[in-house]
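Residue numbers (our numbering), protein chains in the order written: chain D, 2 to 295; chain B, 2 to 295; chain E, 2 to 295; chain S, 2 to 295; chain C, 2 to 295; chain P, 2 to 295.
By construction, these hints were calculated from the structure, which means they are not laboratory data. One thing to keep in mind: the hints can contain errors.
What the hints assert, rightly or not - Far from chain P, by Cβ distances over 10 Å, these chain S residues were calculated:
| id | residue |
| --- | --- |
| 1 | D20 |
| 2 | D46 |
| 3 | A211 |
| 4 | P243 |
| 5 | D252 |
| 6 | A280 |
Claimed, not checked - Derived, one-sided and incomplete: chain S residues facing chain C with beta-carbon distance under 7 Å:
| id | residue |
| --- | --- |
| 7 | G30 |
| 8 | I44 |
| 9 | N209 |
| 10 | M212 |
| 11 | T249 |
| 12 | I250 |
| 13 | S251 |
| 14 | V265 |
| 15 | K268 |
| 16 | V269 |
| 17 | I290 |
| 18 | N291 |
| 19 | L293 |
Here the structure is a predicted model, which is why all the values come from computation and not from measurement. By construction, the Cβ of each residue, glycine as well, lies at the ideal position given by its N, Cα and C atoms.
Protein chains: 6
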Amino acid sequence: MSNSNNVLKLGLPKGSLQDSTLELFANAGFHFSVQSRSYFPSIDDDELEAILIRAQEMARYVSQGAFDAGLTGKDWIIETDADVVEVADLVYSKASMRPVRWVLAVPESSPIQSVRDLEGKHIATEVVNITKKYLARNGVNASVEFSWGATEVKPPELADAIVEVTETGSSLRANKLRIVETILESNTKLIANKASWENPWKREKIENMAMLLQGAINAQGKVGLKMNAPKAGLNKLIESIPALRQPTISDLADNAWVAIEVIVDEKVVRHLIPDLKRAGAEGIFEYDINKLID
Amino acid sequence: MSNSNNVLKLGLPKGSLQDSTLELFANAGFHFSVQSRSYFPSIDDDELEAILIRAQEMARYVSQGAFDAGLTGKDWIIETDADVVEVADLVYSKASMRPVRWVLAVPESSPIQSVRDLEGKHIATEVVNITKKYLARNGVNASVEFSWGATEVKPPELADAIVEVTETGSSLRANKLRIVETILESNTKLIANKASWENPWKREKIENMAMLLQGAINAQGKVGLKMNAPKAGLNKLIESIPALRQPTISDLADNAWVAIEVIVDEKVVRHLIPDLKRAGAEGIFEYDINKLID
Amino acid sequence: MSNSNNVLKLGLPKGSLQDSTLELFANAGFHFSVQSRSYFPSIDDDELEAILIRAQEMARYVSQGAFDAGLTGKDWIIETDADVVEVADLVYSKASMRPVRWVLAVPESSPIQSVRDLEGKHIATEVVNITKKYLARNGVNASVEFSWGATEVKPPELADAIVEVTETGSSLRANKLRIVETILESNTKLIANKASWENPWKREKIENMAMLLQGAINAQGKVGLKMNAPKAGLNKLIESIPALRQPTISDLADNAWVAIEVIVDEKVVRHLIPDLKRAGAEGIFEYDINKLID
Amino acid sequence: MSNSNNVLKLGLPKGSLQDSTLELFANAGFHFSVQSRSYFPSIDDDELEAILIRAQEMARYVSQGAFDAGLTGKDWIIETDADVVEVADLVYSKASMRPVRWVLAVPESSPIQSVRDLEGKHIATEVVNITKKYLARNGVNASVEFSWGATEVKPPELADAIVEVTETGSSLRANKLRIVETILESNTKLIANKASWENPWKREKIENMAMLLQGAINAQGKVGLKMNAPKAGLNKLIESIPALRQPTISDLADNAWVAIEVIVDEKVVRHLIPDLKRAGAEGIFEYDINKLID
Amino acid sequence: MSNSNNVLKLGLPKGSLQDSTLELFANAGFHFSVQSRSYFPSIDDDELEAILIRAQEMARYVSQGAFDAGLTGKDWIIETDADVVEVADLVYSKASMRPVRWVLAVPESSPIQSVRDLEGKHIATEVVNITKKYLARNGVNASVEFSWGATEVKPPELADAIVEVTETGSSLRANKLRIVETILESNTKLIANKASWENPWKREKIENMAMLLQGAINAQGKVGLKMNAPKAGLNKLIESIPALRQPTISDLADNAWVAIEVIVDEKVVRHLIPDLKRAGAEGIFEYDINKLID
Amino acid sequence: MSNSNNVLKLGLPKGSLQDSTLELFANAGFHFSVQSRSYFPSIDDDELEAILIRAQEMARYVSQGAFDAGLTGKDWIIETDADVVEVADLVYSKASMRPVRWVLAVPESSPIQSVRDLEGKHIATEVVNITKKYLARNGVNASVEFSWGATEVKPPELADAIVEVTETGSSLRANKLRIVETILESNTKLIANKASWENPWKREKIENMAMLLQGAINAQGKVGLKMNAPKAGLNKLIESIPALRQPTISDLADNAWVAIEVIVDEKVVRHLIPDLKRAGAEGIFEYDINKLID
């Protein structure tokens, strides 16, 4: 990698988040292409150099300065106790728009009902430090073992309880585990190295990238609506339909009509279009947008 | 399923129409997600509950009130003699925009030339009732056997003739069958239970859904065109190009020019753009639309 | 195929270019559909008949009049010395927008440093005529053998040097070959038969097709941006941002603001949106376009 | 199909049993090859002609003489009340070697505990006749509706109970259904038309086929074991190891030793080999067999 | 590649024959492994070096000494007029065991009925030299153009007739072509360079390879049968069953019985096993063999 | 899991070794079937219960008694310092029969030439304990960081050197790394818990399993050869061909000939069959074996 001030070194998460991350960047206007088995995506921006690395290691390498910036979860920043700048929250996970949760879970039939019941028990988890701090905060003594994977199949044979990440809880239920408590909510963050953040060129590059990524996230689930409406009832139309609060209204050649354009949540459209049609709008059409910066 | 008045129970066709139906609903703004092997799609609308069921059974269950509404073919409404409200025709089949046909077909070399030649013959079909009524209408006696599938390979060994559905006729030709007559044209319909249709909330929900589905179908094969044109020759331009009949014309900062926006059939564009360019339009661009409600 | 003057016979390249060619035509508004194993795509335009044929043979068949028009590479026009009208350059290759190159390549460790070192050597290539002319121009005697494929694995066992096509050079590097010289740059061209070109109906059809294909290529990597801006600082905004040179500016109902719409390179957006936002634009959104005819 | 006495017309089950049936025939020495979408497999035996047809229709067509013989389930022979010769039971289902069962199933929370609780209820099933006879035998009045598929998702909304086929019960459990009673056990049968069975050539052909199919089924899960053993302790060895009851014992050049060969269940091998080794056998090896006719 | 006398350089056909060729070699005991995209398979025999090359070029490179031996078709040996040793015929094509044929084919409706009707016509083919010689032998003047592929779609638009390879004729029929005449039958051959054939070590290596390849081909469609039979009727059994002509008969411990082992065509088994069973054989079982050298 | 003495709890390695491990067990006669996403394979042996678990954790859980036995690498036994019984070495890795190696690797251009040059450097590895002991043995101070994956892409940006596992070295070469030294050779081992090993029933079960697994491994790359040979030259034949050292020789009905059967390395066959044929053997055939216990 170059040491030039005019190149930003960026860490991207390898693994389950990889595809949705690269798609998010594409929507934001940064098109990476990854050769199969390569860890160094190429990109159509000479000011960026990227490497794919496990989310677990990202914060460590950003704090050490190996990367200027990177994407990783709030969970791994805490687990590795990394000293980085948290630039932006990016909530774009494929399955849902909810943040993920690290939860304490036990077998459905376990007598354990709260963290206090863990005294003297064995806990398996991928986040050993987070779990140990959580136990300490609650004044509980228990052994915590690092789990290399498949943590949710370990109770009751191989562990009394686990601390595991979940989005919908379905994998836990499938393994007949019961959630006792949520320990940590987490979402993806764009983080920066502290020294890089002090460099004006790098900071502007990171901030622009954050704005465009956020713009792409904002546009998800949003659509554009455009229609013609008679000037006469315009104010009434706009008042009666809250989603039309801030429309762009353009004059038309025909002075009696105006063109209305508005960006709305796609979920609203199923109510909005029938309302608009009944209120006299004509030629209503809907189109997709890629980015939205308010 | 809930019995609440504020939830609409909707039957969706399982099988060959499933993917195109779910895509149509997505285009209309209703995003179903189907777990593999599940028959109960989840959806991002709390007012809807859906079940996937074979098209053949749909009309029966809607008429019995198991569903408030459903999508099925006109053919199966007739075959099952179901008493339902036919809300809207939805022509969205993937292979073509033409309705499908149920035809009487025989081996290419068969002497059968019309329905009258079927006297005393054996007919295999999936639509036993439609076929029997058709024979009765024509005063012909013939045995009709229910076919569990692969009907088109049965003549001449296992049947003298078949009544089978076809879109393009290619599967019949591949099995060396000749079409004698078309018995029924069919297309998908949105149907409603009679009692549900009398419930105002349910009726409005169904009507809104019909409007959005129709809007998504209307938008297929339509595109938006936008261009700048000199105000001078504007009337002549619009007159000379019929596809521009109802454009949205906006003033521009430069008073000598206007912006023209129009939604047209994509098939027209191959003639329209060259004409517009020659007529003096500039900065012509084309974009996709999702829904169009006139 | 029909002999009618109102049908244009079009050759499309079978093989590696096929998918991107059909996608380009679809973007241009011509939707071909290819049955698996068929060489005769169907199309939703009665004025077109198409056949898939290897790019190597295209120019020959167009010059002989078997097709009115066709798409092939400049390389194969030269290799087959075909007498055709070159209507338009179409640069749409998937891997990059750069033209491909035919290069002279030798093993990394070969002493050959220039074309002059080929005297008495054996060269394997798919473009025998281009290679022979190149050697003649340089006054070099060498044997040139037609290679049926896998040319890049032949040196040093089966050839001393090769003349091979490359886009990025990666396949040559993977086979430990060194590029000595570029012999020919090539890109896809729309070509026409000379007699067809004299037929006014065919010529207009070909020219319209060229315009739409070019429009689809122009739109690649372009996006539309729309935003609201205060009328006050408008001139300053436009001056300070070169990419906004020719915006469409529409009046809004609120006289203090205008709507700005502009088509720009997607690569510019990553700088442009932050600049616009800082300059006071609001409600900036981006959308895709299909075609752009300036 | 030919009417020759020297050709046997054979019906094979299309659908879920197709692949395992063709594999069974291949193991028996009859190699069918099926073109994609064709219903007429070709085969390397001029005395056979085959057609793929749904198992539900097989018995009907065999009884009518359209086929000389066919494979279908005992269930469909009963459901269609077909008059055929049942030549052989063929238990080769992929998931297990157990026969399948048609069961009466209800929602887990249903109050229905036995067939007697069905009075006045609605039952959905693919085997309407079997179900009606079952209800009649038990003196119960209930409505039985033909189900086109996905029967197991119908209770409780669309039916009170179902009669459905199951091998392991897992699909029923997944749909939260409880088995009330088993109505019918079924397995695949080779059946013959009565007239064909009287034809000596056809009967011998069918009987040979049955012998080879049975031989292929016998060989599943069997392996051959071969070893050398000292003649001295031979009788003791054979007596102490029951699985060796009927070995082939050959003399060896070395008179003090014999070769022992035996066909055994593969499941026995895990105990047998250690026993043999400890009892003094040497050079023990195991090999696969294709057919076994005792 | 090494120049050592103790390494044999072997050319293997790239393309449609590649998989079946490598499988044949594996059955013969030579296990090649091909990295994806590599043309240099590795092999578990230090005395062999292999390269994958198009069958069309094989004979040329073997005759020039680039390879000691290679596999290619008789057709390409003739087309390229290569001077090589033809060591063995290897008939192992996947679709059938029949040799392929190069045929003269014309549209079904063409008036051309024999080679003599080709006078003045255009012929497209991949085997230009074979075709020209064939025309010369028949005293016919016609133009022959090299076809880069998809030859069978060219008539009647792009050629009057074609010379094309076919195994079953199905691709010709699908393109509505009629076979006029067979020009050449061809099968795969193991060929050797003349000088390599004079080298004793290389010749023995090639001959051993030929023996093992032939042994693997012989074993295709052959199986082993083993059974016990009473010594009493042994001679009668063997006489009455021709396929048992040369069995291996071993004594058993029980003097009244013998073990019979015989290798037979798998196709014979469907008659043989029923006959054996009826003739008193017991414990008949069948097993697969890999190689058979008579 | 059951606590019964008559059930053996067995850990199987999840991940890259999983498929080859289950295949090895199948060859040994233990057929596991794994539902997708399940970690508890079912098996056709009531005396076994299995769980899939990462190889890294296996030795820990076996030493703690969670499993009676398990398969894991010698490397992970050492890394986790687990106190277990090492029952058998099982060398069955798919890519080769060689053990894997953990090596110290650095960038090709690195000045590091031996472990002594690591003083003060950063090392990334998955085996932190093995690496630290290795450094200690060599008296070197260096920081060792746990690597979550993709270790081979880390030098030189993210580490100065790595300790990584390799079978063929190709992944290291592809990442332009140079092997400095081999630290540890490792292969798969069957291990047992110390208490379970003292239980006679469990020990016999484990020992039988080891014998059968070893028998399946022995059979890999072995084949059976059978042939007839004239009794006359038998001794000479056997003496001249070392691979025939311990054949099974059976008398034949024809006293002048004997049957010879022998199990040999498949690699030997390519020389052996030609030799046998030349020495007068007839009817030579080869067959596969599944297990071989000498």
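Need the list of violated hint numbers for this structure, in ascending order. Hints 5, 8, 14, 15, 16 are the ones this structure does not satisfy, whereas the remaining hints hold.
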